[in-house]
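Visitor: The residues making up each chain are set out below.
Protein chains: 2
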Amino acid sequence: ALKKKQTNKKTLVKCSGMKHSEDMKARVVKYFTQIRCETNKYLLAHVLNNSYYLLPASGGEEMTRGFLQELVNILFGYISKTSQRSTKVLDFHHPHQLKEGLEGFSLDLSDQPETLEQILVDCRDTLKYGVSTGHPRFFNQLSSGLDVIGVAGEWLTSTANTNMFTYEVSPVFILMEEVLLRKMQSIVGWSDEEGDGLFCPGGTISNLYSILVARYHFYPEVKTKGMGALPRLALFTSEHSHYSVKKSAAVLGLGSENVVVVKCDERGKMIPGELEISIITAQKKGLVPFYVNATAGTTVYGAFDPLCAIADICDKHTLWMHVDAAWGGGLMMSDRHRMKLGGIERAWSVTWNPHKMMGVPLQCSAILVRKRGLLQKCNELGAEYLFQRDKHYEVSYDTGDKSIQCGRHVDVFKFWLMWKAKGSEGFGSQVNKCLENAEYLYDQLQRRADFQLVFGHKPEHSNVCFWYIPPSLRGMPPGPERDSKLHQVAPRIKGRMMEKGSVLIGYQPLGTRVNFFRCVFSNPATQQEDIDFLLDEISCLGHDL
Amino acid sequence: ALKKKQTNKKTLVKCSGMKHSEDMKARVVKYFTQIRCETNKYLLAHVLNNSYYLLPASGGEEMTRGFLQELVNILFGYISKTSQRSTKVLDFHHPHQLKEGLEGFSLDLSDQPETLEQILVDCRDTLKYGVSTGHPRFFNQLSSGLDVIGVAGEWLTSTANTNMFTYEVSPVFILMEEVLLRKMQSIVGWSDEEGDGLFCPGGTISNLYSILVARYHFYPEVKTKGMGALPRLALFTSEHSHYSVKKSAAVLGLGSENVVVVKCDERGKMIPGELEISIITAQKKGLVPFYVNATAGTTVYGAFDPLCAIADICDKHTLWMHVDAAWGGGLMMSDRHRMKLGGIERAWSVTWNPHKMMGVPLQCSAILVRKRGLLQKCNELGAEYLFQRDKHYEVSYDTGDKSIQCGRHVDVFKFWLMWKAKGSEGFGSQVNKCLENAEYLYDQLQRRADFQLVFGHKPEHSNVCFWYIPPSLRGMPPGPERDSKLHQVAPRIKGRMMEKGSVLIGYQPLGTRVNFFRCVFSNPATQQEDIDFLLDEISCLGHDL
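These protein sequence lines map, in sequence, to chains D and X. Sequential numbering from 1 applies to the first sequence in our numbering. Sequential numbering from 1 applies to the second sequence in our numbering.
Each hint should be verified, as a subset may be incorrect.
[As the list claims (entries may be wrong)] Covered stretches of chain X (in silico footprint by chain D; criterion: 3 or more residues with CB under 8 Å from a CB of chain D, positions within the stretch not fixed):
(1) 115–121
(2) 127–137
(3) 249–260
(4) 462–474
(5) 528–538
Calculated directly from the structure, the hints in this document are not laboratory data. Keep in mind it's a predicted model, so treat the numbers as computed, not measured. The C-beta atom is built at its ideal place from N, Cα and C for all residues, glycine as well.
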């Protein structure tokens with residue numbers, strides 16, 4: 001008991017630096033003193049910070065409000081700090097350092113409860129040692145930014161704490177999903193009689209759905225009989241496409257080696273002639289082509305495959321055409337850029353992740369399927385404990401059996417709320433701004449002698465790929481020796497960058513090209529000054545390499 | 001412009017009933033008057049409620065804080081109301097009513113932005129027309145309750161807005177996942193040298209992983225070559241098991257008809273002798289058995305399959321033994337109940353959903369795999385843009401390639417935080433309380449003449465299944481006529497119950513048993529008075545049937 005008391009004391013001391021925590025303590029002490037524990041001081045001390053006195057415990061309103069208010073102060077502080085350029089993007093620690101425990105932040109879990117104050121300290125520390133993905137200088141991932149309305153939407157979603165399987169438990173969210181899917185389908189260009197879909201846990205699962213549904217469309221017997229009853233099927237996707245096509249082929253029992261990788265041009269776009277050759281070659285080998293994935297916005301280069309030409313080939317060979325617009329889909333919100341996805345209306349299915357270019361908090365990804373009813377037929381099993389047919393409302397709104405999941409997280413509300421707050425036009429402006437940033441970076445890179453573009457075309461999406469060339473390599477002739485040295489530059493700069501925490505950007509090799517940086521813009525908070533900072537910082541961190 | 005102004009006015013009037021909204025308005029007006037718009041009244045009116053003036057817009061702190069504070073007031077009001085028995089569990093409206101728009105709540109999305117005040121009104125309405133899954137009288141789903149610490153955890157998660165693929169962007173959450181998985185594995189009973197796992201988007205996906213990994217374990221060539229290279233495989237699961245086994249078999253290309261359904265005893269437990277017969281029969285038909293799913297806590301009856309006897313059979317035939325403890329796993333937290341899962345330590349994989357019996361907000365489901373490294377080998381593709389091997393930290397912490405997803409939502413933090421706040425012991429008490437409620441309901445049902453238990457055993461889990469017998473059926477002899485009438489009783493009571501909104505409970509038929517109610521307890525807020533209320537309410541709603 002003494003030891004326990006000392007621990008409490010420690011956390012109290014620690015907590016005192018936290019804004020408002022004295023207020024909260026005072027409020028809670030007052031509350032318990034007045035109502036519950038007038039004579040029992042020990043009980044007071046014990047009770048003060050115990051989560052068992054939160055709602056739904058009777059009389060827990062005050063304590064719950066106080067606790068959530070403290071939390072919101074911490075979260076608001078984080079949101080506010082994230083948008084300040086003077087704060088770090090990350091405060092890096094190696095795994096072993098975090099596991100050993102830093103300044104009292106311990107990941108270990110015990111049999112006994114911690115105090116509520118300690119819980120708040122843990123929340124603060126969790127944010128402190130994390131990465132500010134909303135920082136204007138975080139360029140590391142396709143998803144970035146921190147939209148306040150989106151965050152608000154997710155706070156509400158978690159408070160509503162329900163599931164997407166039936167209208168019975170999610171009336172509002174199920175209808176919002178319908179509204180958003182219709183909206184997205186009409187933007188893709190499908191008629192009112194076409195279009196179906198679902199929000200999925202990420203773009204890879206959305207792509208998996210496209211293959212699953214395509215397979216079922218051509219071979220409905222696969223659902224009951226399995227792949228053993230089918231010929232050896234072949235899928236086609238470009239060498240620059242996302243790895244999810246191969247991953248899904250492995251998961252679905254199609255086999256990753258039956259995914260035929262089609263060559264791209266220098267800019268990362270699938271070459272339609274190569275697709276046609278690949279199809280014919282596969283047929284000659286005895287495979288049965290059935291599915292083509294075209295990418296609208298590749299992961300590294302941000303390239304758009306020529307959708308119309310691919311659609312023609314798919315028509316000719318009666319192949320399912322899927323467009324993976326996980327990253328590029330957002331451009332359809334902009335009048336200035338949507339022509340880059342011309343032909344997408346001819347797709348049979350589309351993946352589109354609002355959590356990428358549209359800035360919706362993670363996760364929010366949609367699979368759109370042109371033929372209505374196919375998702376339901378492909379996946380339904382009609383479990384009677386959940387999807388009773390004798391309900392008193394219209395059961396076609398129990399959309400859960402369309403899904404390969406049972407329980408499904410509500411990913412739709414934050415997106416709906418952001419659309420309300422921005423309007424379609426607001427998303428359009430956001431996209432335009434991100435693409436302007438990419439053009440600005442492209443222009444700067446062209447002007448600077450210490451950087452080299454990976455390819456010399458104006459960016460189509462917000463991806464810009466480049467090498468930093470340290471002084472030691474500038475005079476060196478192209479060749480294996482220079483390549484081998486250059487290959488080590490980006491990882492070493494990235495390591496220093498993470499230790500310093502001032503900015504974050506990704507790198508990778510691709511094909512014959514050695515490690516290069518890929519900058520992507522999806523955070524509307526990013527300004528030109530941040531781009532200047534990025535280049536100066538890379539140069540500063542890599543100058544001596 | 002005039003029309004726009006009128007819309008604004010309307011929402012302002014509407015908003016005035018909302019607590020604090022006048023305060024907020026005043027604060028914001030003051031802010032903009034002082035700092036930005038001293039001379040431009042039109043701009044002031046326009047700007048007042050526009051989300052573009054939230055962070056990261058420069059100077060948006062005040063407005064962001066005000067907006068989030070308003071939202072938190074709404075959310076806190078909801079949390080507080082949810083725990084009050086005097087409030088409804090739901091305020092039911094048919095889909096067409098909600099779609100037409102109720103009292104100004106419109107689901108439609110437009111090109112133009114709404115005001116921030118309208119956004120807040122929409123948030124309030126979204127909660128108003130939803131279902132209070134945290135209400136002490138919500139018995140409809142295996143997931144219920146509203147844990148304040150869990151909600152706090154999810155608020156933080158959405159504010160951190162990151163992804164589980166790499167240590168680079170999720171250092172803290174990746175390590176928390178490791179800590180929790182280790183904890184769960186040790187509770188299952190695996191040694192320190194064994195055990196691997198992932199948090200997944202729901203129990204169905206966790207079960208899918210178990211089959212995927214089992215298939216890869218026996219036939220690693222399936223990853224590249226597909227199911228065509230394998231014999232016709234057979235899976236075994238009980239007739240009372242969750243539909244996810246069949247669904248996953250369809251998705252993975254195994255075929256749902258290759259899932260052999262094994263008979264259960266009256267209580268819903270798999271009969272080991274029947275399993276053995278099924279295996280031999282399948283072999284005689286030329287199928288190759290490889291996987292058995294045993295259920296620890298079936299969906300409807302809450303039955304526990306005899307794990308030790310099933311493990312013996314799996315050993316004998318060298319079959320992968322999976323335990324679907326999505327629902328029953330929580331009982332391992334209780335010293336009083338964990339023996340019901342005796343033998344689970346012999347499983348090769350386990351599904352365990354903390355979002356069910358442990359009250360963690362949706363979603364939180366784990367797949368645990370005994371053999372370390374198998375998940376990684378089965379699913380890795382080594383995409384170089386994400387999983388670079390030349391990083392400056394220990395890349396074994398980049399666990400994202402274990403997953404069939406690419407982006408993966410952070411489901412782990414809320415669970416970690418709840419564990420901190422309750423300790424293992426707190427979860428144990430919670431489970432004990434829910435099972436005590438089930439026993440209380442069972443006792444009450446035995447005493448009442450207007451109800452009939454579906455089977456006469458004391459509940460093993462928190463599921464209690466029963467019929468309400470209206471006076472008109474009480475004298476009727478058993479037989480098809482009574483069955484046909486009784487079958488309609490539960491749906492009709494449920495319809496009335498939803499319209500009234502006082503309580504919510506599920507029903508379904510099962511095998512030869514006509515529609516019956518299934519009550520489940522997973523919300524520690526539920527008290528005995530709620531159980532009495534449930535029975536009285538059913539009786540009241542169904543008396544005239």
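Visitor: Of the hints stated earlier, which fail here?
Guide: 4, 5
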